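Q: Residue strings, one per chain:
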Amino acid sequence: MRPEIETIGASAATAETGHPLYATREEVEAGLNALTDTDYAKLMMIAASFCRQRRLARSVSEPSELLNQAVLKTLECENGKQWNKKISMVRHLDRAMENISGHLVRERMKIVAFPDGLKPQEDDSKSYQFTDAGAEAAKLSALLKSVFGDDDQAKEIFVLRNEGFRPAEVQARLKISAQDYESASRRILRKISQFSLKTNN
Amino acid sequence: MSNRENQLKDTDAVFRAMREMLLEAPDAEVGALARDAGVDTPKLSEIGRNAVKSAIAEHNQNRAKEESSARLHKGLNSLLIMLRRRDNLDESELATKAKVEEAEIRRIEFDSGYLPSPRTIYNLEKAFALPGGVLAKLSGAIMHHSPAMEERVMEFAASAKSMGKLSREERQLLNAFVKFLTEQK
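Protein chains in written order, with the numbering used here: chain A, 1 to 201; chain B, 1 to 185.
Check before you lean on any hint, since a few could be wrong.
Stated by the list, open to error - Among chain B residues calculated to face chain A with C-beta under 7 Å, some are: (1) 8; (2) 10; (3) 15; (4) 22; (5) 27; (6) 37; (7) 39; (8) 51; (9) 52; (10) 173; (11) 174.
No lab work stands behind these hints: they were computed from the structure. This structure is a prediction, so every number in the text was calculated from the model and none was measured. Cβ atoms here follow ideal geometry from the backbone N, Cα and C, with glycine treated the same way.
Please take these sequences and the hints and turn them into a complete structure.
A: Okay, here's the thing in structure tokens:
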């Protein structure tokens, strides 16, 4: 799990080149201003995916709220979520949204688990996690089914790619042509974006 | 459930893997992906752009407020020191008179980020026999103030010295500043 708030000082953290690793507020703003329409669309898809995963939203306005919070935290630099300039702004905002949405879920769980405001003796967030392996496997299977439907080939390629198999290795294992692989890869992306952007979760 | 699916471990891992693919999606395909999902791509981009823009605007507004509050606080530091000098009180004596902790007096005078409690401000105003609200206007408790007030506060802070007995000019400066604060709404 990544830290909730990255607190390493900008002046202290430097890349191997000797240049500061973390962006200043001005650099963050320049990075944000350099985002393209495609970046914005991607970021909204990713925000929608977090909202769907964490069950944060049922309308399109909440993903933008999550993105808004991620940008605000990034602009706070050392007091918020520092942008490591070695990664792209889009990827940084993805991580920031992951932190923020995860934090929101943990807060929500505390409210549900401790409605009287009493806090647990220690951080036992792990106790909230689903521990029934059988039920978790069923949830996983149901999730893949709702993303890929009956497209078993797309699902299989998605799973293999996430196991670390390279495209050529996937083709060999599934005995499919490069053309079929490319076509399935496009279908995978389409299904993922459709699933992420569905608002009635 | 196949063994392969189990390698993705849990639903969080699936969501993470899906987002990774979206991150890596070729730019040229992103528009079509959104369209295929039944979403107007330019509208989606616009919502994202507005979310970013409004965050930048909100951040800048917050920063401006913080800077403005820090400027006023500098005026509060200087005013408190001048009032102590006028009444010939050290920090300890003022703390006793105003019934506040001596450490808090020091914090107000030296920590520009410190926000004193309303009780402290009220007691200090009484201890210095000031009209009500004079110190509160500089303490950050009252957020609305004009740029002209900020300018005046900065002028006062720049002219205020921290040592010795008040000169006649300093006393005039102090009285004029207190009068100015009293007149501020």
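Q: Could you run down the list of hints and mark each one as holding or not?
A: Hints and how they fare:
| no. | hint | verdict |
| --- | --- | --- |
| 1 | 8 | holds (6 Å) |
| 2 | 10 | holds (6 Å) |
| 3 | 15 | holds (4 Å) |
| 4 | 22 | holds (5 Å) |
| 5 | 27 | holds (5 Å) |
| 6 | 37 | holds (4 Å) |
| 7 | 39 | holds (5 Å) |
| 8 | 51 | holds (4 Å) |
| 9 | 52 | holds (5 Å) |
| 10 | 173 | violated (36 Å) |
| 11 | 174 | violated (36 Å) |
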